[in-house]
Amino acid sequence: MDLLEFARGPALVFALAVFVLGTLWRLIGILRLPRLRDRSPAREGAASPAAGALHAIVRGMWPRRAFAATTHFATFNGYAFHVGLALVFFGYAPHIAFVRRLTGLSWPALPDAVMYVAAGVTIASLLVALVWRLTDPVRRTISNADDLISWTVTFLPLLTGMAATAEPSAAILARNQVVYATPLALHLLSAELLLIWFPFGKLMHAVLFAFSRGATGVRFSHRGVEA
Amino acid sequence: MSAASGPTPGFDRQGELGDEARVDAAMKSFVREFGVTAALHVESCVRCGQCAEACHFYRATGDAKYTPIRKLEPFRRAYFREAGPFAPIVRALNLVRKPTIGELEQWQELLFDSCTMCGRCTLVCPMGIDIAELVKEARHGMFKAGLVPERLALMDRAARQWGSTATPGEDLPDILAEVSAEHGVPIPCDLPSADILVTAAPAELDAHTKSLADAARILNRIGARWTMHREGFDASNIGFNNGDLALQERLTRALIDTAVKIGAKTLLLPECGHAYGAARWEAARWYGDALPVRIIHMTEFLDELISSGRIRVNRIGATATFHDPCQIVRRGGLEAAARRVLAALGFELIELQDHGLTGYCCGGGGGVVSNQRAAPLRYKVFDLKKGQVEATGAEHFVTSCGQCRITLEAGARNAGWDKSPESLLELVADNLAD
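Each protein sequence line maps, in turn, to chains C and A. Counting in this note's numbering, the first sequence runs from 1 upward without gaps. Counting in this note's numbering, the second sequence runs from 1001 upward without gaps.
Read the hints as simulated data drawn from the structure, not as lab findings. Where is the CB? At the ideal position from N, CA and C, for every residue including glycine. Treat the hints loosely; a few may be bogus.
What the hints assert, rightly or not - Not everything, but these chain C residues come out facing chain A in the computed CB check (under 7 Å):
| # | residue |
| --- | --- |
| 1 | Leu31 |
| 2 | Arg43 |
| 3 | Ala47 |
| 4 | Val207 |
| 5 | Phe211 |
The following block holds chain C by itself, in its conformation from the complex (with noise of 0.2 Å):
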């Protein structure tokens, strides 16, 4: 077995293993602990705890007004990563013929020029982060090593596989044969420590973010709080 048969095999099969098992044991720990009802008296014509939290989801989504001076940076960098990462990875050709090989999936893909756009958007938010993280004071005061950690399984991918990409996509899905294995698998192997590393860390506020937010939706549409 060579690297790439391991890094498309065992270690994918782990990894996924990893990030799914881990993932629901999280969630079903944390949704587990007691759940302390409200029983105070609503509001007169409070929205329903399920339109609280869904308003709640949706409204974090951008900041509030009063907030915009001082969060702007974060916001707009934090739009660039995320926006970035999600063009590149749902929409490279590579990937979707990847994930149709795994589940039968596929759509569309988007031209090469905007993929490396994207991917050079999310590797410079990504940068702008870190710079940040390490020098701002209140950054630093509360980073722990989860940050750095989620950072670099993060950071690994992007940089791995703008490495492999050594040629237009439609070449490569040409081919019946990977030319640049060890890229490829290196690529593989450090998307696969993402997947490992996500249920552990902060990665996993993909997941908890909406929970979070309901949370607080419910707790704010209960007392008529028009947040």
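Since chain C is already given, all that's left is putting chain A on it; use the hints.
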């Protein structure tokens, strides 16, 4: 997280527990707080630090140690070590350190002196983490460990003995008689039966007696069957702020039980923010689904009286700006009620730059106003509010919380500022139409 910057903060201790026992008591209490909502909120933080810019203590000082989420560090560690889904692994590998007594002492300043539980940070958090609520829960553990500011502990002891931080209940009739004589308004006390049980904040029995007299004036005007009662009169609930759950329950029960005893259907809360938080949203915690009385804040009461036409007010016809008390507005949902009352009074409202849900706290909530050693920090925060009030150029500066007024009055005195916050209740009473 790194150690706090700046000089070592002061801390106080209560009781004779040894260091290890204090840490264990805090940890045990911290862990007990983790229901699903608290756990989701601790788990979801991505340490983006945006909460810092929303916090008046950080904005006023620029010191990163006041970053709101950082104030929860011992609480966070307790969760991941003892209650989180991976706790056994975390403990076995010591991936998250147990807080030390030194750290708990250091965090006393962050949880009590430099957090008013105002919840502005909650609104800025992209994960929707309710940091204010978590701070309140962390305070429970600090109280169990005997690690709260001594001034607050002193008030706690008074309230445990008297049922109020202001006065023993048996002195209430005499105090009310004095207020009644001073302001020329009848204030019924200890009536065996009434429709409305009226409560007070401690300041209304001392520096703000006009507020109490004005509430009486309005209640008498509408012909309400009301009374105050020595068995349940102080709504401020120091237990809520101190993290003393047993006291919080006792003070809450005193109010509700007294209301039930006299057959009151309404429990009227004073112009006090934390009284609203403790009674309106937490009283039911000990009473089950159906509270036997309606709990209502003075601002809601005034709004309802004016809206229903039960009282009419003269129009003042001046400009005013309004300080939104956090527990009543941002955490209480009464943003519109005060503004309707101001409009009825004929004020042209000039909003503060930050108002409504995102208004800045006065700096004294959560017991900070009573915590003497926090005064220098409070005064720095006051400058934020002072600047915003001055920018409006409004003739009147109004609020609907007595604790906010005390904080802002103290800040104004310290800064030599000639503007004094006015009570919405007093403005209504002073302008009742015939």
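Evaluation of the provided hints:
{"no.": "1", "hint": "Leu31", "in the structure": "holds, 6 Å"}
{"no.": "2", "hint": "Arg43", "in the structure": "holds, 5 Å"}
{"no.": "3", "hint": "Ala47", "in the structure": "violated, 11 Å"}
{"no.": "4", "hint": "Val207", "in the structure": "violated, 9 Å"}
{"no.": "5", "hint": "Phe211", "in the structure": "holds, 5 Å"}
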